[in-house]
Amino acid sequence: MDDCTLRKLTISHGKLDPPFTPNLTSYKVVVSSEIKRITLNPVTSDSGASYQIIGAEGSKTVILKDDRTKIQIEVAAEDGTLKKYTLDVIRLAPHVASLTKLKLSDNLQLDPEFASDVYEFTCTAPFHMVSVIVHPSVPHRKMKVTVNEKEVNQPVSLSAGDTKVKVKVTSLDGVNSQVYLIIITRVQLPWSINFIDLQDDFEYECPVTLTAFYQPVSIRGSDPKHTVSSMCLNLLTSKSKTDPFDESPLGENWRVSEYELDKKISAAFVYCCFKYRGCTSVVKLSELGSHAKECKNQPPAELDSKVVTEAVWYQAEFGISNKVKYQLNHTLKERDWEKKLHEEVNESSVEKLCSYAIEQLNIYQQRLSTAGPRTRFAEGESPLDALHQTAVGYALAIKLTPNDPELHFKLGLVLEEHYYATEMYGIQKSNTQEEDDASSFDDAAKTSSRNDEITAICKLHGFPDQSNLEQQLKALDMEYNQLKERGQSVKADYAQTLYIWKSKQAGKDVKIKALPSEERHRDWAFLKYMDALSLQLENWQYNFHVGFLLLQKKDKGALRYLQTALAQKPESGYIRFYTGLAILDQTGESAPQRVEAIQYIQQGLEELLSKLIFPGGKDPSQEALPLQASHVYCLVNPQLPGGILQLGKALSTPPSGLPEKTMTAEQVFHFAVKLVAQGLCRCPYRGSIFQALEWLLLESHLHLLDLLVQQPDRQERRISKRCNSLSSLIKCSSIPGTDHLLNMKRKVCQLAVVTSPCDSHALYMLGLEQLDEYDNEPSSSNRTEQLINDACRSFRASINLENKPMVGNPPNELTEQEWWQDWKVEQQEKNLLKPLQKPAPRGGAANVRAMPLRGITTRAGGVRGATTRGGRMVYWPAAANPSTSAGGATPPSARGRGAGTAQTKPIAKTEMFLPQTPGTSRGSDVKSVAEKTRSIAQDSSGRPVPINRTSYTYRLGLARALTRINEISEDAQKLYHEVIIMAPEMYEGYIELANILLKTDPLEAVEIYCRFPLKPVEEQTFDDAFITGE
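So in full-length UniProt numbering, spot 208 of the sequence shown is number 208, and the numbers just go up one at a time.
Hints were generated in silico from the structure; no laboratory data involved. One should not assume that every hint holds.
Said to hold, decoys possible - BS3-like cross-link-like pairs, simulated, lysine-lysine; straight-line CA separation at most 27 Å:
1) 333 with 399
2) 103 with 60
3) 144 with 166
4) 999 with 974
5) 60 with 296
6) 164 with 225
7) 306 with 103
8) 275 with 661
9) 830 with 239
10) 36 with 60
Start from the sequences, fold in the hints, and give me the full structure.
Here you go:
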């Protein structure tokens, strides 16, 4: 009686899109332009129902008057109920080229969803998928369609990273065509890649992850071409829009996707990632994922509990059961900070309070997903506000039922989440809260203004934007002394005022907050975990979280709780991982204990890699609440990659008794580098967690460099490449300068120069390191003269070697340096004690035996494999065969006086080092000379030898060094003029030269600023605006 649907609908031309179903009322029909009318044949579901085609005057045929005709069919049931079906009929013009549908096999989804007038799409494919079939649909069967210039419905081979798919459709008249572009990205395989060909291993190695490129991209105009994995290039260029390897300015459309390189890499042969477990297969990289998925040598999906239950410690502590035997000395009580959480919430039901907490937690996660670092929120709208309300809900529930361990545990997770929200995501308090905090010491606006001034002064003296208190006070002291020396007493007094203000502020802050807020929350979380554990000792989660926090604090008590958690859940890989770390942290562990610890950590690592490959399934660590605090396999948490690095260190000196299927130290360090790099790329905020990850990346790089140096078959080109990569990472990092970092830079730079003594860029990086040491050396030190002279020599050598081959005798500017002479003496002493090594190829430096690179120490310390002279650590690697050049770094850019006029120290006797000016002019002449030199430069075997490029950075480095000696150096001014000519868009030369001229000729300084090629106001960066302001 009331059925007003159609059972069937057919048409004379074209096809209904989508296919007809009774409950769907809207359809699209595409017909060719010669079709003038279309006939419809509707059939009602109920024989008593009727229909009419509106506008057809009782006919089933509709005349198509326009290119687009809307047809409506009205169906009426016996009781008068109506329903309308709509057909949108499009007459396709012969010149139109478009698709009606575009689908991929295996139900791969396009992003965005397909629409005929959208022409670029992306798609993500599983790591094991080797090909895909593209299914395009056209409005007319006579329209021609190709996929990558081939017939449709043929498999398209997928690269290991990105694959570009071009779907080209041609109009009926053959005149017009349209290309639909699909970029298909395969999920990255987390295992490190080992090519069977060493040349492939060298050419396809990403300078950041030290494994095969993934989604390789290059920097347009770089010479030689600088190629990096896509995610890593984002990381390297986030602070400065210059080439991270040679400081060249990045032009428009500087980022180039290397799809052909991706294809080439994917076709190279690699070993199975389970080679260490006995697999002997060799496959193409593009097929490695599908092979690994089915490999019989992959680690077991489930860990054997007997490995734990038969362990000596388990038998001693738990016997035949997993019952806890230790007594927990902890008192359950309500603390003052918990009482503050008992805010007014009109609810006295535990169940409703927990529901309120979950509701607020969902709000927190929603706000977190849309927030960015340093996002400003209105009062009450911050993710931290919602997180606080979550804690309030659980705290009130605990007040009503204090003996429920799960409530204590959940409150602990929420409190710990506060730490990750601030340190991992950079979430700040609301504006009102910040102003209240500031007004307790001083007026908010005044405080902000003074802090901005202090930040600017820090930049002037080469300190980072987010300088700590010690760096801020040091910068203010340097500013005060410089202004006093110039007789600018008024400005000096103001700098002193800022110094006193900051010191007092620090004192008050210490009194008000004994701990940083985020650290307080972690301490509170620990107490809540202990509360939960005191109520239920047998719970593995409570034991694990107590042990996990203690492990982060390097507390040796962590082992007891982690072993207890493992006894209660022996099949867990991540509990084994952190238990193994706790065992390694114990002093005096025996060889069997170290073997057990290594096994546990490796099993956890293998489980992690498996989860990264197969991310589906429920994570048992997040059963309580889906928070970062319970995500123990999070790559952004430094504890995880730090544990992998610790495993690599343990395997560097492996104990006896390790199983046959144990990873090598090199393999583990590669995992550490790759996973830390991924963690850094996912970390949205450059806070303490980001810096901890940066340290792990640098240390992992350094350990792999150490292993490479110690190999008997010296790979000089790879050593040089790795040194340059690590130097670039150090330069791009946000880690404040410390002795630890300086020692690492010295080690790497000296190794690079000894490996390739005729490499301009290596010498330039050495000069920067020596300049950094000079800036960090006390004024009273007797090393200042040596450091600044050596820096000048290194910069001068880098300039003199421009457009020359990277082989030959070491330049005089290098051989005059004391550390180089020390190295030569040591090599001569060694040669007296052992037979002479085989000489290096003609034109190269002597091939000498390398000393291993060991851990970083302070400048006053000593370490095996190093010689200490004058309190300076020097590492002696082998000299070089001809090698290719790679990128490098420069010190942080400066404002005002900048790095070019930092604190001047007294020099007893100074040598002035000027570059030997080439006989050719800049620009095209230099380029032609370089091309001519490239055409004739060959080594002894006839292979082409890399040529040192010309760079403004070498002159900028020398100019800065000379201004350390004499702030108004005329030679430095000449160099700055050269910098401006060679790189007119780089602001450093203008700023630093103008600040020199301000002391002698202010009008000339204005002229220098006026030469800067300013962009339109709406396109100006902060640096452009700074010059305008000056």
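Now for the hints, and whether the structure bears them out:
| no. | hint | verdict |
| --- | --- | --- |
| 1 | 333 with 399 | holds, 10 Å |
| 2 | 103 with 60 | violated, 34 Å |
| 3 | 144 with 166 | holds, 14 Å |
| 4 | 999 with 974 | holds, 16 Å |
| 5 | 60 with 296 | violated, 65 Å |
| 6 | 164 with 225 | holds, 21 Å |
| 7 | 306 with 103 | violated, 49 Å |
| 8 | 275 with 661 | holds, 9 Å |
| 9 | 830 with 239 | violated, 45 Å |
| 10 | 36 with 60 | holds, 14 Å |
Of the numbered hints listed earlier, those contradicted by the structure are 2, 5, 7, 9.
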